[in-house]
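Work the whole structure out from these sequences, hints included.
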Amino acid sequence: MHLAIFAIALAALSALNILLALTAFSDTIKLWPLPARDAWQAYVFWPLFRGGLGATILFGILTFAGAHGHGWEALIGVPMALAGLALTVYGYFDLGIGKTYGGDDGLVTSGLYRYSRNPQYVSSILGFAGLAIAADTERAALLCLLAAGVYVLLPYAEEPWLARLYGARYEAYKRATPRFLSLSKLFEKPVAAER
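Quick note: the sequence shown uses this note's numbering, first residue 1, plus one each step.
Treat the hints as calculated values from the structure; they're not laboratory data. Be careful, since some hints might not be right.
[Unchecked claim] Here are the in silico distance ranges between beta carbons for each label pair:
hint, residue 1, residue 2, range
1, L165, S26, 19 to 25 Å
2, R37, G66, 35 to 41 Å
3, P79, M1, 24 to 30 Å
4, K174, I61, 21 to 27 Å
5, W40, A4, 25 to 31 Å
Just so it is clear, CB atoms sit at the ideal spot from N, CA and C, and this is done for glycine as well.
Pasting the structure below:
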């Protein structure tokens, strides 16, 4: 069963990384953001995304549960994975579920989005890094690396769309806020929000 889950995750995430790289860095295909809920992209993106990431999480948990010893890997990996999950879920509420899934009803620049243009992606990468450490196998690490690759590529696919949608406001936000994370940005004194 483990091998089948691994194979599903590997195939889905490999395909998704390739398609997102083509979306981000060429004009060959445009998979994300979805142009419409019923577009062909939705029937490709969501099964690969949910299937690949879900199978990776399941494989990591099963691998961790089947491990004989839970030493430093568990002490570091489990809190990282849980922190990544918690921040990702918090980001859903900070951004809003509709915008999380490609909605275009306003640019969010406050909350977690003050520190990163993609805080959910950063926290998801943290979560998968924690899962890889906790599971402590080469196969789990490979899947988590591919999962992290998805979250690295997604912003590159989204940025042209956001620039078209929000124009100068997005460009100003882009200049002021890092794509992923900047430690100096984390320690800046907060400024009053615009009214």
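Hints versus structure:
1. L165 <-> S26: 19 to 25 Å: Given a distance of about 21 Å, which is inside 19 to 25 Å, the answer is holds.
2. R37 <-> G66: 35 to 41 Å: holds (39 Å)
3. P79 <-> M1: 24 to 30 Å: holds (28 Å)
4. K174 <-> I61: 21 to 27 Å: Violated - the Cβ-Cβ distance for K174 and I61, about 36 Å, lies outside 21 to 27 Å.
5. W40 <-> A4: 25 to 31 Å: holds (27 Å)
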